[in-house]
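If you're matching positions, the sequence shown starts at 1 in the working numbering and goes up one per residue.
By construction, these hints were calculated from the structure, which means they are not laboratory data. These figures come from a predicted structure and were not determined experimentally. Do not take every clue at face value.
No farther apart than 27 Å at their CA atoms in a straight line, the calculated lysine-lysine pairs in the DSSO-like style are these [said to hold, decoys possible]:
| hint | residue 1 | residue 2 |
| --- | --- | --- |
| 1 | Lys162 | Lys199 |
| 2 | Lys30 | Lys50 |
| 3 | Lys30 | Lys44 |
| 4 | Lys160 | Lys199 |
| 5 | Lys93 | Lys30 |
| 6 | Lys93 | Lys55 |
| 7 | Lys66 | Lys50 |
| 8 | Lys14 | Lys93 |
| 9 | Lys207 | Lys191 |
| 10 | Lys93 | Lys66 |
| 11 | Lys145 | Lys207 |
| 12 | Lys186 | Lys197 |
| 13 | Lys160 | Lys204 |
| 14 | Lys14 | Lys41 |
| 15 | Lys81 | Lys162 |
| 16 | Lys207 | Lys155 |
| 17 | Lys162 | Lys150 |
| 18 | Lys30 | Lys66 |
| 19 | Lys93 | Lys197 |
| 20 | Lys186 | Lys199 |
| 21 | Lys81 | Lys66 |
| 22 | Lys93 | Lys41 |
| 23 | Lys14 | Lys50 |
| 24 | Lys186 | Lys204 |
| 25 | Lys155 | Lys186 |
| 26 | Lys93 | Lys81 |
| 27 | Lys145 | Lys204 |
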Amino acid sequence: MSRVIITTLGFEEKFTVRSITRHGLDRGDKIVLITGPRVEKSEKAVSFIKDFISKYYLSEVSVSVKDIPIHDIYETISRIKQILIEETRGFDKVIVNLSGGMRIIIIAVILALTLLDIQDLMLEVETEDSSLLITIPRDLLYLPKVEGGKLDVLKVITRKSKPVSVYEIAETLGRDESTVRRHLQKLRRLKLIEVEKIKPLIVKASKTASLLV
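Can you make the complete structure from the sequences, with help from the hints?
Printed below as a string of structure tokens:
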């Protein structure tokens with residue numbers, strides 16, 4: 001499985017190096033460093049990372065450095081979007097680490113990702129003191145819009161402290177079970193509910209669902 005690790009880079013190389021060592025690198029993998037306008041401190045960080053990869057992974061891993069203008073947010077997002085398209089093409093897995101670099105670059109990367117449809121995507125960020133690594137589920141970048149009957153059903157499910165049956169949902173809403181089942185099928189496809197039991201059908205809300213009601 002070929003992978004590309006994309007990191008936002010500022011003056012410190014530690015977050016990028018930790019991401020590389022955490023995931024490891026294999027022949028054919030790629031590192032993409034996204035940085036703001038190049039200055040001496042960021043050049044030193046880039047140089048350190050290149051030396052690190054050259055020392056431990058030889059020439060089996062390529063490194064690409066992209067410096068991004070930051071004075072026009074639309075141009076910034078557009079440039080990053082194009083970079084993501086080009087640099088991820090042909091790779092099976094995309095890992096994006098947002099722990100370092102300029103805040104505007106980090107925000108632009110997130111916004112650019114929402115405009116794309118990268119299937120096997122891992123998004124991660126370390127806290128400033130490096131005590132915690134947080135993985136952001138891909139689904140949070142592409143939250144669906146839920147309206148009408150589906151939203152009514154989702155509200156009933158999320159407000160229950162335990163899994164709920166089709167019968168309970170239908171009774172609460174005063175709707176027939178067949179209608180509720182159709183809504184549940186769509187909610188399941190959107191990954192907003194999980195099936196606990198098939199007969200009788202019992203479901204529970206996913207973590208994402210609570211953000212939509």
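Of all the hints given earlier, name the ones this structure violates by number, lowest first. When the structure is compared with the hints, numbers 15, 19, 22 turn out to be violated.
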